[in-house]
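Chain A is fixed; fit chain B onto it per the hints.
Protein chains in written order, with UniProt numbering: chain A, 1 to 462; chain B, 1 to 462.
Hints were generated in silico from the structure; no laboratory data involved.
We put the beta carbon where it would ideally sit given N, CA and C, even for glycine.
One should not assume that every hint holds.
As the list claims (entries may be wrong) - List time: in silico DSSO-like cross-link candidates among lysine-lysine, alpha-carbon distance up to 27 Å:
{"no.": "1", "chain 1": "A", "residue 1": "Lys66", "chain 2": "A", "residue 2": "Lys7"}
{"no.": "2", "chain 1": "A", "residue 1": "Lys290", "chain 2": "B", "residue 2": "Lys290"}
{"no.": "3", "chain 1": "A", "residue 1": "Lys7", "chain 2": "A", "residue 2": "Lys263"}
{"no.": "4", "chain 1": "A", "residue 1": "Lys105", "chain 2": "B", "residue 2": "Lys172"}
{"no.": "5", "chain 1": "B", "residue 1": "Lys122", "chain 2": "A", "residue 2": "Lys105"}
{"no.": "6", "chain 1": "A", "residue 1": "Lys66", "chain 2": "A", "residue 2": "Lys44"}
{"no.": "7", "chain 1": "A", "residue 1": "Lys122", "chain 2": "A", "residue 2": "Lys105"}
{"no.": "8", "chain 1": "B", "residue 1": "Lys172", "chain 2": "B", "residue 2": "Lys7"}
{"no.": "9", "chain 1": "A", "residue 1": "Lys37", "chain 2": "A", "residue 2": "Lys66"}
{"no.": "10", "chain 1": "B", "residue 1": "Lys433", "chain 2": "B", "residue 2": "Lys351"}
{"no.": "11", "chain 1": "A", "residue 1": "Lys172", "chain 2": "A", "residue 2": "Lys122"}
{"no.": "12", "chain 1": "A", "residue 1": "Lys44", "chain 2": "A", "residue 2": "Lys7"}
{"no.": "13", "chain 1": "A", "residue 1": "Lys122", "chain 2": "B", "residue 2": "Lys172"}
{"no.": "14", "chain 1": "A", "residue 1": "Lys172", "chain 2": "B", "residue 2": "Lys122"}
{"no.": "15", "chain 1": "B", "residue 1": "Lys105", "chain 2": "B", "residue 2": "Lys7"}
As the list claims (entries may be wrong) - What follows is a set of in silico ranges between Cβ atoms, one per label pair, in the way DEER data are often shown:
{"no.": "16", "chain 1": "B", "residue 1": "Lys290", "chain 2": "A", "residue 2": "Pro421", "range": "46 to 56 Å"}
{"no.": "17", "chain 1": "B", "residue 1": "Arg163", "chain 2": "A", "residue 2": "Pro313", "range": "29 to 39 Å"}
{"no.": "18", "chain 1": "B", "residue 1": "Glu358", "chain 2": "A", "residue 2": "Pro313", "range": "57 to 67 Å"}
{"no.": "19", "chain 1": "B", "residue 1": "Arg163", "chain 2": "A", "residue 2": "Thr140", "range": "54 to 64 Å"}
{"no.": "20", "chain 1": "A", "residue 1": "Ser187", "chain 2": "B", "residue 2": "Gly269", "range": "44 to 54 Å"}
{"no.": "21", "chain 1": "A", "residue 1": "Pro421", "chain 2": "B", "residue 2": "Gln418", "range": "48 to 58 Å"}
2 protein chains.
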Amino acid sequence: MDLAALKIDIAEVPTEENPQLVLQKSRDFYWYSPVLKRQLDSVKADIVARPRNEDELLLVVGACFKNEVPLTVRGSGTGNYGQAMPLAGGLVLDLCNMNRVIEVKNGTVVAEPGAILADIDKVTRPTGQELRMFPSTYHTASIGGFIAGGSGGVGSVRWGGLRDVGNIVRVKMAAMDGSIPTVLDLSGRDINRVSHAYGTTGVITEVEMPLAPAVEWVDLITAFPTLEAAVHHGEALAAADGLLLKNVAVMDAAIAPYLRRHKPYLPDGEAFVVTIAASFAAGDVAALGKRAGGRVVLRTDTLEAEARSRLPPAFELSWNHTTLRALRMDPDITYLQVLYPQPGIAGKVLKMSALLGEEAPTHLEFVRFDGAVGCFGLPLVRFTTEERLDEIIALHEDNGCPIFNPHRYTLEEGGMKQTDPLQLGFKRRSDPKGLLNPGKMIAWDDPDFDYGRPYLFPSLSA
Amino acid sequence: MDLAALKIDIAEVPTEENPQLVLQKSRDFYWYSPVLKRQLDSVKADIVARPRNEDELLLVVGACFKNEVPLTVRGSGTGNYGQAMPLAGGLVLDLCNMNRVIEVKNGTVVAEPGAILADIDKVTRPTGQELRMFPSTYHTASIGGFIAGGSGGVGSVRWGGLRDVGNIVRVKMAAMDGSIPTVLDLSGRDINRVSHAYGTTGVITEVEMPLAPAVEWVDLITAFPTLEAAVHHGEALAAADGLLLKNVAVMDAAIAPYLRRHKPYLPDGEAFVVTIAASFAAGDVAALGKRAGGRVVLRTDTLEAEARSRLPPAFELSWNHTTLRALRMDPDITYLQVLYPQPGIAGKVLKMSALLGEEAPTHLEFVRFDGAVGCFGLPLVRFTTEERLDEIIALHEDNGCPIFNPHRYTLEEGGMKQTDPLQLGFKRRSDPKGLLNPGKMIAWDDPDFDYGRPYLFPSLSA
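In isolation and in its complexed conformation, chain A is listed as follows:
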């Protein structure tokens, strides 16, 4: 890597070399995991570049290729798996300056990758449209980072996962394949070459996302005497094709204390379901909850304005914001990502809850998955040792509940358990020198890796 030559080549692009600021931009939300915190705390780039447009972006990518400088792309750095952290040093490509919403169409929006999700919706909402799905970091996360590192979230209960066909319309990307990088417009299945690839196969320069109707949304919380009743209500809501819902989360009673501002509404010792529903569907959600044995303890459409203004939106109680809130109050808490497969979702959830009890309070997020109801768990885990964490993971897997391990920074170990041949094959052409986010795709670094043990990128074992 020839950093001196790189700096000359990209002189016209804004850069940052102040060590404290470079360190800050070399981090994401990896500290959700005590394991990643231990492994990645010293990771740091050499320089941060902040291109203001596609021309500048291509200049940086081309200069990195020429000077053999590793490049790690970063949106807002709100990912949880160290995916935006530069294990091999080099350059962090911070896309915060490429944040324009380019065009709102009938059904889609075109934006630069650094555009913040909430800012995109500010532009689309006057047209009666909004993004279909977003992570709980909606107010800070970028659309490019969501595509490169996310998998779904709020909205997935209607639209499925981000990688499901139709949920990304088009992605424009730059390859790391020459001093003048190749630019590709990907649609259809080809989008998977860059989606959820942590920026290992290319740099997203523009995206087109499908939109959903922007209706008025209402937050509801329904409390239940048992976790079982809450799980059944959550599953019934997720199965209701005619109810326009944006999110359905189920939480065990032990989670209530961590949702501080909502705590006054949450009855002690009761499980609860947090739902985001179209205003005209809120009455149906409430009625279904009552018939399932619950009582509605909060409805933002009937709450007085002042009380409402003190509450964060329900999506900031959901997905990884649940974990975040617990973590802030108790630094020993971490989490897992579980899939409770069909059929018999509720049975699997209750079994794991019975096996782990207070060590791992239940937190579920219902989604649509291949045309049916799916259920992910993000249980809080009271962390003791890495060995015990591995035992808890094994206990889930032994009981038919696969884990997408959030304590690993590689693509393969996080979820897929195997190389994506499409991404690997594409990387051979789009990044022949292996400069894009080194260390995140095991299949590239160590094709013969034995998945029986955790992968450690060479620079980290020094």
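The following block gives chain B in isolation, referenced to the frame of chain A:
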């Protein structure tokens, strides 16, 4: 029944007594069924009333109560089961004059029951919204008739059935319970008291329906060398949570000749899938079809304007318009309504196709059903005798495919196979004299009826 007194009581309301016109308004599309045609051909009301507003409607309902005149409500009369036919004579309440769209909100529309579906959308579309679902008679059917007699249709592949919670927001109805009828505003589960009740429990006076985003829709037809490949493609499309689709119909090669204007695009001997997709999802639909072994033979977004203008919209090839087109060319054709249950939809479809061959060409409509992919069949049936029709029905049921018999005019025999206790209980209060659409709810007329034989209303056996 005192018709003379009735006429005096409703003198201010427009009425019709010309026998030809009364006969015409005493019919619906019952002639889809050779069985119903034989049974119902002589059915005729005594008078037709056409109120212009809710006050006039209530005057007619109250006068019928007072003078004990049977009342059968009618929208546009596009139903197929004789549901709008006055078996006991009396008054037909034709709601064609109550056709106003009252208000378009963010997410819903409020309309009078006689409003035509296509006319409602003309008002909602400038707001970027449209009805979620409609029958293939979109251009002629009324919203009240759809709710009272329909079950879903185009749009159900995303939103499920009309009776699924959330697909009707509110229904205002008049009971037949006094000279001044009680008016009720129903929401939530109470809506089922009048939805799909054929007007036996009350008269719908106003509805509020949820809306979906009004995007640009594209019709696609993909041809496949085998029915099996077409069925698998249809099921895959229906399962794609992220694809914004409005309809997915699968048809065997034998149906092509009946779709006359589309015939030039349909390869001889090939099965085909007719899809209505959001314009930004059309490329994905085409790519999925190709990967499933098909070829796209028609895409309205790439067709030249003149050719496109000669084609009816794809929804008029679907649901009962498929039957209608066949029936027009061959009067011996009728149809059935089949449910192919999960799991193993494709296997059941192919088995029935193998058993019946050319006698009942396969026509499928994919929907969402309780949170999963559902599949209804509307096979064309080359009618010979009523006995053979019953054999074909039995053959389906023996192979695990329930039939919703479209050759019966009662609520129970058509689909539910049993009384809806909610509707029956409600009717006791809302129609104590049994004047609303007599003969359509067996449980009311003959609580001890043995469902082993077809029900015949007394006046029809004369």
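Each hint, compared with the structure:
With a C-alpha separation of about 12 Å, the suggested pairing of Lys66(A) with Lys7(A) holds against the 27 Å cut-off. For the hint linking Lys290(A) to Lys290(B), the alpha-carbon distance of about 47 Å lies beyond 27 Å, and the restraint is violated. A C-alpha spacing of about 52 Å is found between Lys7(A) and Lys263(A), which places the hinted pair above 27 Å, so the restraint is violated. A distance of roughly 37 Å separates the Cα atoms of Lys105(A) and Lys172(B); the hinted pair therefore is violated under the 27 Å criterion.
Between Lys122(B) and Lys105(A) the CA atoms are separated by roughly 20 Å; this keeps the pair inside 27 Å, and the hint holds. A distance of roughly 22 Å separates the Cα atoms of Lys66(A) and Lys44(A); the hinted pair therefore holds under the 27 Å criterion. Restraint check for Lys122(A) and Lys105(A): the C-alpha separation of about 14 Å stays at or below 27 Å, so the hint holds. Among the hinted pairs, Lys172(B) with Lys7(B) is consistent with the structure: their alpha-carbon atoms are about 26 Å apart, no more than 27 Å.
A C-alpha spacing of about 33 Å is found between Lys37(A) and Lys66(A), which places the hinted pair above 27 Å, so the restraint is violated. Pair hint Lys433(B) plus Lys351(B) does not hold up; C-alpha atoms about 48 Å apart against a cutoff of 27 Å. Restraint check for Lys172(A) and Lys122(A): the C-alpha separation of about 23 Å stays at or below 27 Å, so the hint holds. Distance hint between Lys44(A) and Lys7(A) is fulfilled; the C-alpha atoms sit about 17 Å from each other, no more than 27 Å.
For the given pair, Lys122(A) sits about 36 Å from Lys172(B) by alpha-carbon distance, which is inconsistent with the 27 Å threshold. Using a Cα cut-off of 27 Å, the hinted pair Lys172(A) and Lys122(B) is violated, with the two alpha carbons roughly 36 Å apart. Restraint check for Lys105(B) and Lys7(B): the C-alpha separation of about 39 Å exceeds 27 Å, so the hint is violated. At roughly 20 Å, the beta-carbon separation of Lys290(B) and Pro421(A) lies outside the given 46 to 56 Å, and the hint is violated.
Checking the proposed 29 to 39 Å range against Arg163(B) and Pro313(A) shows it holds: the Cβ atoms sit about 32 Å from each other. Separated by about 58 Å at the C-beta atoms, Glu358(B) and Pro313(A) satisfy the suggested range of 57 to 67 Å. Remark: the range hint 54 to 64 Å for Arg163(B) to Thr140(A) is contradicted by a beta-carbon distance near 42 Å. Evaluation of the 44 to 54 Å hint for Ser187(A) and Gly269(B) yields a failure: the beta carbon distance comes to about 32 Å.
Evaluation of the 48 to 58 Å hint for Pro421(A) and Gln418(B) yields a pass: the beta carbon distance comes to about 53 Å.
Checked against the numbered hints listed earlier, the structure breaks hints 2, 3, 4, 9, 10, 13, 14, 15, 16, 19, 20; every other hint is satisfied.
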